[in-house]
Amino acid sequence: MAEQKRVLSIKSLFIWVVMSITTAALILASSISLYVQINNYKEEMINEVETFAELISTNAASGIVFNDNVTEEQNLQALSAAAFINNVHIYKLNPANELEFFASYNKTGQAPVRAMFERTEELTTPTFGADALEYMIPVNLEGDRVGYTYIRASIDALNKLTLNTILITLTVLLLTLVLSFLLTLRLQRSVTHPIEELVYLVQQIAHQKEYSSRAKASSLKELDILGSAFNDMLATIQQHIQRQELAEEEYRRLNLSLEEKVGQRTTALKEANKELIQTLEKLHQFQRQIVQNEKMASLGDMVAGVAHEVNTPIGLGVTASTMMLDRLTQLQKDFEDKNLKASALAKFLKEGEENLNIIYRNLNRAAELISSFKQVAVDQTSETARVFAFRQLMDEILLSMRPKLKKLPHEIQLHCDPNLTIESKAGPINQIMINLIMNSVIHGFEFMEKGQIDIWVEMQGNNKLCIRYVDNGKGIPEHLCKRIFDPFVTTKRGQGGSGLGMHLVYNLVTQALNGSISVTSEEGHGVEFQILFPVRKLEHSDIAKSS
1 MAEQKRVLSI KSLFIWVVMS ITTAALILAS SISLYVQINN YKEEMINEVE
51 TFAELISTNA ASGIVFNDNV TEEQNLQALS AAAFINNVHI YKLNPANELE
101 FFASYNKTGQ APVRAMFERT EELTTPTFGA DALEYMIPVN LEGDRVGYTY
151 IRASIDALNK LTLNTILITL TVLLLTLVLS FLLTLRLQRS VTHPIEELVY
201 LVQQIAHQKE YSSRAKASSL KELDILGSAF NDMLATIQQH IQRQELAEEE
251 YRRLNLSLEE KVGQRTTALK EANKELIQTL EKLHQFQRQI VQNEKMASLG
301 DMVAGVAHEV NTPIGLGVTA STMMLDRLTQ LQKDFEDKNL KASALAKFLK
351 EGEENLNIIY RNLNRAAELI SSFKQVAVDQ TSETARVFAF RQLMDEILLS
401 MRPKLKKLPH EIQLHCDPNL TIESKAGPIN QIMINLIMNS VIHGFEFMEK
451 GQIDIWVEMQ GNNKLCIRYV DNGKGIPEHL CKRIFDPFVT TKRGQGGSGL
501 GMHLVYNLVT QALNGSISVT SEEGHGVEFQ ILFPVRKLEH SDIAKSS
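For the sequence shown, the UniProt record's numbering puts the final residue at 547, and the numbers step up evenly by one.
No lab work stands behind these hints, which were simulated from the structure alone.
From a predicted model like this one, the values you see are computed outputs, not experimental measurements.
Be a bit skeptical, because a hint or two may be false.
What the hints assert, rightly or not - Restricting the straight-line Cα-Cα distance to at most 30 Å, the calculated cross-link-like pairs of lysine-lysine (BS3-like) are: (1) LYS425 <-> LYS404; (2) LYS282 <-> LYS270; (3) LYS107 <-> LYS160; (4) LYS450 <-> LYS474; (5) LYS407 <-> LYS464; (6) LYS450 <-> LYS406; (7) LYS474 <-> LYS282; (8) LYS482 <-> LYS464; (9) LYS406 <-> LYS425; (10) LYS450 <-> LYS404; (11) LYS274 <-> LYS261; (12) LYS221 <-> LYS209; (13) LYS347 <-> LYS282; (14) LYS42 <-> LYS221.
What the hints assert, rightly or not - Label-pair restraints from in silico Cβ distances: (15) PRO138 <-> VAL36: 29 to 37 Å; (16) LEU179 <-> ILE38: 51 to 59 Å; (17) LYS282 <-> GLN242: 33 to 41 Å; (18) PHE230 <-> LEU179: 32 to 40 Å; (19) ARG214 <-> THR267: 51 to 59 Å; (20) LEU349 <-> ASP454: 44 to 52 Å; (21) VAL113 <-> ASN67: 20 to 28 Å; (22) VAL199 <-> GLN239: 32 to 40 Å.
Where is the CB? At the ideal position from N, CA and C, for every residue including glycine.
Work out the full structure: start from the sequences and follow the hints.
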């Protein structure tokens, strides 16, 4: 669920901004004022303590020299007039330069404090404690130090003065904030009230669609400009709505007349669509028939090639057997006439062995050709998966095409592992390779003395076979390369080309083999087809089990 966007009102935003700035400014000013006043109070107290310390030290110098502590004690009682002084100690330096207690003063009701011999260095500057200000200065007489004066003053008056100052400052701060809040509310109303009226007008127009309403003039310049612009917009919308109503009325009038025309056109379109569907069905039927004719024509060419190829070894076998029969008839006649010589018999045996070897080799050659052609023919008419060595399949394909290729100087190189054995559909592969080779011979190598075809076959991973078919022919023009797999695309229109060869290849790769095919070509630089389809690769152990 999307997070709901936080919405702020101008009222609250106005009050928060003004009050935040005012509060921050007042707090800062009050803090600075408090800090300065409290420091002033402390400075005044320090000055008073330092003044009293100087007076006490001056008066005590002669008493310390003459060792008259009684008189000094009486003199210190005069400090009772200074209510803030709690304790005073006077120390003298003995001949060993050590401090000794000489005289003291303790405010009435104030407990005495211990001697501060060890704090002479620490208290050379007035030091504020938790409840008192402490200070110690040396007592000098004619440039010689004769003792020290320690004074301890109460800071209760300072604390009260500080507290009163803080209370007064806070009271002034709160009163100022309240006054600022009241003034801010008044200022906020003067700004937001015209805006609220404009918002109410906008909401009313949005609900009631009453575009004839207009915003009132405002005493604020910016809002008055906004109201004028809003009124101009309402006038424009009102004019647009009027024009739209006129256009809708015209549209309704035209729509009535168009409905009848649309009905007539729809009826005509349905009839044309029906005829188009029938035409497409016939076209698909003709296309399937042409593809089937292509397959049968390819098979017919192969049968003619078989007859031609097999005829040669069988003819040689017939010639050899006829010669054997002639030699056997002559030998039998010489035997019956009892004219048979050992040399003639030896010659017959030698010639018989040679002829029988010729007959055997040629009959075996014919049997191999027929077996290969039979396998190729079965593959072309079957789409059943079987286990085969890819190199052997290609040899059988090239052997079946030998009648067409042996008269041409073109060279075909197969780059394939002889031990690559897979399980796949040999029939589609057979038809694909025959179509690609014949496409290169008929189109790619046209007007070329000698063409070169390279076929690379390798596995990609464990279950993908990649066939890369490359020739060095004249290539495919760019405008045809994009449509090479479309049906009826050919450069031999009217010269026997149907334009279905590469379309058949595409269907066999994508539908029969569940693979993909891509083409790369530049005119004058040959063509490259890359075919990729899933197979099951068999290792030697799998081949042994299947056999």
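Next on the checklist: So if I understand the rule, the pair passes when the alpha-carbon distance is 30 Å or less; does LYS406 with LYS425 pass?
Outcome noted: 28 Å, holds
Next on the checklist: 51 to 59 Å was suggested as the range; check whether the CB atoms of ARG214 and THR267 agree with it.
Outcome noted: This hint holds: roughly 54 Å between Cβ atoms.
Checklist entry - Does LYS482 pair with LYS464 here, judged by a C-alpha cut-off of 30 Å? => result Within the cut-off at roughly 26 Å; holds.
Checklist entry - At the C-beta level, are VAL199 and GLN239 separated by a distance inside 32 to 40 Å? => result Given range 32 to 40 Å: violated, Cβ gap about 24 Å.
Checklist entry - Is the straight-line distance between the alpha-carbon of LYS274 and that of LYS261 30 Å or less? => result 20 Å, holds
Item to check | Pairwise beta carbon distance, PRO138 to VAL36, judged against the given window 29 to 37 Å | outcome: Since the Cβ atoms of PRO138 and VAL36 sit about 33 Å apart, the hinted range of 29 to 37 Å holds.
Item to check | Whether the CB-CB distance between PHE230 and LEU179 falls inside 32 to 40 Å | outcome: 36 Å, holds
Item to check | Restraint status (C-alpha distance of LYS42 to LYS221 at most 30 Å) | outcome: Measuring from Cα to Cα gives roughly 54 Å; hence the hint is violated.
Next on the checklist: Given the hinted pair LYS221 and LYS209, is their Cα-Cα distance within 30 Å?
Outcome noted: Given pair LYS221, LYS209 holds - Cα atoms ~28 Å apart, limit 30 Å.
Item to check | Satisfaction of hint between LYS474 and LYS450, Cα-Cα up to 30 Å | outcome: At roughly 12 Å apart (the allowed maximum being 30 Å), LYS474 and LYS450 satisfy the hint.
Next on the checklist: A range of 44 to 52 Å was offered for this pair. Does it hold for the Cβ distance of LEU349 and ASP454?
Outcome noted: 51 Å, holds
Checklist entry - Holds or violated: are the alpha carbons of LYS407 and LYS464 at most 30 Å from each other? => result 36 Å, violated
The structure is inconsistent with the numbered hints 5, 7, 13, 14, 16, 17 and 22, although it conforms to all the rest.
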